[in-house]
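Protein chains in written order, with my numbering: chain A, 75 to 310; chain B, -4 to 401.
No wet-lab data here; the hints were simulated from the structure. A hint or two may mislead.
[Claimed, not checked] Per label pair, the in silico range of CB-to-CB distance:
{"hint": "1", "chain 1": "A", "residue 1": "Gly97", "chain 2": "B", "residue 2": "Gly133", "range": "31 to 37 Å"}
{"hint": "2", "chain 1": "B", "residue 1": "Asn102", "chain 2": "A", "residue 2": "Gln245", "range": "18 to 24 Å"}
{"hint": "3", "chain 1": "A", "residue 1": "Glu85", "chain 2": "B", "residue 2": "Lys91", "range": "49 to 55 Å"}
{"hint": "4", "chain 1": "A", "residue 1": "Arg206", "chain 2": "B", "residue 2": "Asn102", "range": "36 to 42 Å"}
{"hint": "5", "chain 1": "A", "residue 1": "Lys152", "chain 2": "B", "residue 2": "Glu228", "range": "43 to 49 Å"}
[Unchecked claim] Cross-link-like lysine-lysine pairs, in silico, DSSO-like; alpha carbons within 30 Å at most:
{"hint": "6", "chain 1": "A", "residue 1": "Lys152", "chain 2": "B", "residue 2": "Lys93"}
{"hint": "7", "chain 1": "B", "residue 1": "Lys91", "chain 2": "A", "residue 2": "Lys152"}
{"hint": "8", "chain 1": "A", "residue 1": "Lys112", "chain 2": "B", "residue 2": "Lys189"}
{"hint": "9", "chain 1": "A", "residue 1": "Lys100", "chain 2": "A", "residue 2": "Lys143"}
{"hint": "10", "chain 1": "B", "residue 1": "Lys242", "chain 2": "B", "residue 2": "Lys189"}
{"hint": "11", "chain 1": "A", "residue 1": "Lys114", "chain 2": "A", "residue 2": "Lys143"}
{"hint": "12", "chain 1": "B", "residue 1": "Lys189", "chain 2": "A", "residue 2": "Lys100"}
{"hint": "13", "chain 1": "A", "residue 1": "Lys114", "chain 2": "B", "residue 2": "Lys91"}
[Stated by the list, open to error] So, partial list: chain A residues that the calculated Cβ filter (under 7 Å) puts toward chain B:
{"hint": "14", "residue": "Leu84"}
{"hint": "15", "residue": "Phe94"}
{"hint": "16", "residue": "Pro107"}
{"hint": "17", "residue": "Thr122"}
{"hint": "18", "residue": "Arg126"}
{"hint": "19", "residue": "Phe127"}
{"hint": "20", "residue": "Glu130"}
{"hint": "21", "residue": "Pro260"}
{"hint": "22", "residue": "Asp275"}
{"hint": "23", "residue": "Ile276"}
{"hint": "24", "residue": "Asp283"}
{"hint": "25", "residue": "Ala284"}
{"hint": "26", "residue": "Ile285"}
In this text, all values refer to a predicted model and were calculated from it rather than measured experimentally. No residue lacks a Cβ here, since even glycine has one placed at the ideal position from N, Cα and C.
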Amino acid sequence: MTRRYWNINLEEMMEAGVHFGHGTRKWNPRMAPYISAKRKGIHITNLTRTARFLSEACDLVFDAASRGKQFLIVGTKKKAADLVASAAIRARCHYVNKKWLGGMSTNWSTTEMRLHKFRDLRAEQKAGRLNRLPKRDAAMLKRQLSHLQAYLGGIQYMTGLPDIVIIVDQQEEYTALRECVTLGIPTICLIDTNCDPDLADISIPANDDAIASIRLILNKLVSAICEGRSSYIRNR
Amino acid sequence: MASLAQQFAGLRCPPLSSSRLSKPFSPRPQNTAFSPVVSAVAISNAQTRERQRLKEIFEDAYERCRTAPMEGVSFTVEDFNAALDKYDFDSEIGTKVKGTVFYIDGNGALVDITAKSSAFLPVQEACIHRIKHVEEAGIVPGLREEFVIIGENEADDSLILSLRSIQYDLAWERCRQLQSEDVVIKGKVVGGNKGGVVAVVEGLRGFVPFSQVSSKSTAEELLDRELPLKFVEVDEEQSRLVLSNRKAMADSQAQLGIGSVVTGTVQSLKPYGAFIDIGGINGLLHISQISHDRVSDISTVLQPGDTLKVMILSHDRERGRVSLSTKKLEPTPGDMIRNPELVFEKAEEMARTFRQRIAQAEAMARADMLRFQPESGLTLNTDGVLGSLTQLTPDLPVEGLDLSAV
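Given the sequences, and given the hints that come with them, work out the whole structure.
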């Protein structure tokens, strides 16, 4: 596996507030090896571990992308929704930024049916056939379309289960994480001081609340994916 | 976690002893219930094998992270600890923080500050005036500004910010400056209560008592009108902002001549006289100035709300005091008490006669002065006004005095 240098800078991470954890009372004792100090009632994560895991995750992701694997980014926090969408579009991966519907991956056959319906509706709308229907039917179909666009908009081009899943907040996306574990899909997860580091395969201890920290970690991973993809295209 | 074990106990296939269980290092008791590839086996073998391979790569990576913790990391723990102090943030209530807005909503805006979590700016706190959406206050994504922390949201550790407090401070500062400069500003009346009306000035709500409102209208009539106002009291600690319309109008009407007759309304009665409102200023009609006859009780002659004509005796601009009199307007002494209407009718005549008498008296006084001091170079022109020689013959050279013009 190739080891590359990802520019993971201490100042950058601290400015984004990656080292802040949750309050002392809310911690998960399993996070003890990743916590370095306690300040003003909140835990501080050890950024050396963060940097290590992040660089490792970037390497893995770069490798996988250069072999043409599919990624899925899951982030349903309201604050981070736009960020996840823009990052995924930049890296050309699939994403879920509205609610993760239960069984999206374990019940993939049903999700696929919905995706087909979504695709057909989109085709109909593009062809303009919706305007020829009576007003009520057209309104119903448009509503369905907007609903599907909101929830499945990010995975509309997905043909099968993804190969690697990146999850932004473990507490929030617990269902998604568990589904991936049941299916055996390798996961990369952002862990805060109140999460369990043993659930995901690679857990990056970081701050999952501040938008700047999520942005930083996602940007690093996304740049790794982009580079991997470009090398995949070159070596095809 | 126990519920998970129960769920997996219901599966028909026994849990595969995956490589996870044989790992000696981390105690993962709950993972014995997590059979990773049980349900996936049935789906597709090629895919599962791929995934297994990928998973193994990930496991190796994790192992590597554990065994070589500093590989690929460009800084050390000491650097990190040293830099901790530099990036500490203060989340006390009342501190100012600089932040960038990155998302706006119907309820407010999310602001990114260097802290544990992003902060929220509710729409009520974005501006002093009442607005429906944060955009009206000029808050758009990407705006970098200073906010003040007013509270903390316990549920998600986010801070609540406000722009209002900063704006309030600025508004009070401006009001103080305006008061010291003594300017007249326009304020819109938004409401009224028992003692007066409330007007909005510089975004702050100020009180104008009825006694300080010049026009004789009730609160409803004044609503939504712009009045010129001056500051009477600006006290930030007690949140008192008192304004006056009367003072502002008084400024604009400072041209009341002495000796002129004006109509006024009796505002209030005091033991020593009555306060008459003439065109915006309150003037005092002293009890001794009402009539030549002695008036023992004011309420026999005047009542609050009476209109009457008064003459201005003197006008003290600095203290805003005007002294009035009706005595001078009485054709015959004692008329004010007996027959007020007669006094009012004759008021104009009396005022004119009074002025003439004053002018004559002044002329006499100046003539006397001239007689006793002829060398002072002053003369009396046709109007009876003392003036210097050169004014009479402007074409004469200034140096040469020509006594022929005397």
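State the violated hints by number, sorted upward, taking the hints as numbered earlier in the document. 3, 8, 9, 11, 12 and 16
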